[in-house]
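Residues per chain are reported as follows:
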Amino acid sequence: MPPVNGTFCVTVMKDRCINARMPGKCATCVEVCPYDVYAIDTDGNVHIQNYNACVGCRICSEFCPEDAIRINPAESEFLVRSPWTFPQVEEIHQKAQTGQYMLRGFGTMGYTPNFDNITIVPSQIASAAPRDKYREECNLEVVIGEDRCENPIHLKYPFIFPAMSFGALSREARMALCIGAAQTGISNNTGEGGLLKDETWLIKGYENERRTLKRWEPGGYLVVQWSTGRWGASADYVRAGDAVEVKIGQGAKPGMGGHLLGAKVTEEVAAVRGIPIGSDALSPCRHYDVQDLEDMKRMVAFLRDVTDYKVPILFKLGPSRPYEDIKACVEAGADAISIDGLVGGTGASPAVVTQGVGIPTVALIPPSVQALKDLGVHRKVKLFVLGGMRNGLDAYKAMAMGADGVGFGAAAEIAMGCRACMACHTGRCPYGITSQDPELRARLIPEEAGNRLANFIKATAEEVKILTMLSGHDDIKDLCEEDLRAMEPNIAAITGLKLIGYERRLPFWENGPGNERKAECGLPALDKQERVKCLR
Amino acid sequence: MSLAVDARERDLRSVSVELKEKVARGPTAIQEAAHVHGLAAGFTSGEVTIEGDSGDYLGALNDGATIRVKRNAARYLADNMTRGTVVVEGDAGYGAGAYCYGGTVVVRGNAGDFAAVMNKGATIIIGGNAGDDVATYMLAGDLVIVGNAGKNLGNYLIRGNIYVGGKWESLGHNTLLEEMTPADLTKLHGYFSEYSIDADPTTFKKIVRLSQKPFYK
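Top line first, the protein sequences correspond to chains E and C.
Once you know that position 45 of the first sequence is 44 in numbering that gives the first Met the number 0, the rest is easy, because the numbers rise by one and skip nothing.
Once you know that position 96 of the second sequence is 95 in numbering that gives the first Met the number 0, the rest is easy, because the numbers rise by one and skip nothing.
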């Protein structure tokens, strides 16, 4: 008696199936299926006699000579087969066959605590009146380095394109990001792949090296990344940027360095990075020339010296111990810090790291903001949140929790045409975004993709404007936690936001983690009487 | 008249401003600079002499200057240099010649651990002994160690050549011993002659990479 699961839908594409065109000529599916899902009648016609018996082994589709069979879950495999889902089974097969762990692109898949369980509190009668999005103004600008640098960065919107390197991305994608940033007055980041010359004028809105024609206003900002691999790094490289970003980590693979597999190291990529064509470019997990925080401070000092003290120095963190990490960056001299959560994407990473290492983006913000507040530099040292940011809602919530802006990495790739198939590491991106294959790259037109990016940023900025104004503000700097509510206890516990219905923070947030942290940092903790006051 | 900067009790910024101005006019000597870290960073030309010891990150991002240290250099000497020459009469600390893309680094004495790490094209010559993990993940260029080396020499070497006159404690992953060629001997003769190093190239051993793709097949 075959098992009856009823969890899979069996589809045979008749236009491909040999038996459908020539009954009796092929009955492979009947022969290989161990559960009698298929049957053949006396005329030689094959039909599905019991799809309920299908167990999802997919042997029929593997053996079908015309690839005419599709087996799809009737219910989510996560519900009915977890933890032995099809992808998990295939992964074990691959390791057994090759002795190698899996690599993939993109970020964490599946559920993690996120911004969706947070809602926005609109203004009404008991608070400042809402502002009129259609007829009043809202300030969305963010300035970086205004206290310390001769040339601070004035972002027109509270958004950045975070580090996505040449090599991981195609030349065309890099150019598109610059064009998109130029049209919207935001920043683009070289990532750790070095600098393409074109980027230096495209980012400012010029279409050629001689800068004879400014095509795109208002022009953007180029952030050059000082990474652990120092691919393409030189004095000229450091001076080419409007800011220098010291990379400490990234969300997709915290504790590891960048990965660019040999298949994507073409002649041009190799030349920019200074490595052999076809060799893997695996960045170290740490800066080999930094052994402690004092070294990092000295490094920041010479980076400032090389850039004549004119440009901001930024830091990029992965998701580790955000309170302590943020503190260390401030002490090292950061003008702004980006912190990249678990959900952040990449071009290539060991799958186990991408899937299972780090802290969700939403959970990074409270301790990061607390660290800045405890040091008295919140809103002075700017905080950008990265990792799975999708739209204006996510951006607003992150800013109301205390961030100064957000980064769109995966979303920017999707704006250019990506479909999140997670095969970036193969170099076979069908949209030419993460490929070095000339034929595939030809599918991405930089100006067209740049326009799409600009459209996405402008539309998202309008979303932020709507949400900011309906919550009673005309400046994103005025957003605060009171503008948000957690919609379920878990997210209230993680973020410290007030819980809907309860209309207060959970008790241990009223008098908990903040005090313990203050004690650890040598700051005075609340005494018993003050704690009692907080609870009332 | 030679130019001079006294760095006593001064910070990097104030020393650097004066140094840049003087180096543009001619060769410049700096005194009392052991406490200044990141000195002479990103210079594209000129000559700088450190009278005495230098601090960390001396000559970082050097792109064409000639820098000499009369005694010892601290850590991360010539970090990420792309062009130019850095010569240390004494010893150098941890990470000498790290991340270099080009130029020449000469340490007449000993060099610490992780010297020449991720060297991507510079010529790095150590007249004495070298520490552990030297030339880790080296991607191009030449490393010459006249004396002995420590553990994991050339670990995950990808490209470039390591020449050792003495012994080593252990070789790193992805390394291979190869016969010296006439071109290697000529090259070493040239280095030793140019920098007045007393060594016989015919006694040196050569280490190269085993595989260009040692990480993922």
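Hints are computed from structural coordinates only; laboratory data are not their basis.
A couple of the hints might just be wrong.
Simulated crosslink set (EDC-like; lysine to aspartate or glutamate; CA at most 16 Å straight-line) [stated by the list, open to error]:
1) E:296 with C:199
2) E:379 with E:35
3) C:186 with C:199
4) E:457 with E:140
5) C:166 with C:193
6) C:19 with E:307
Quiz item: What are the numbers of the hints the structure violates, in ascending order?
Solution: 1, 2, 5
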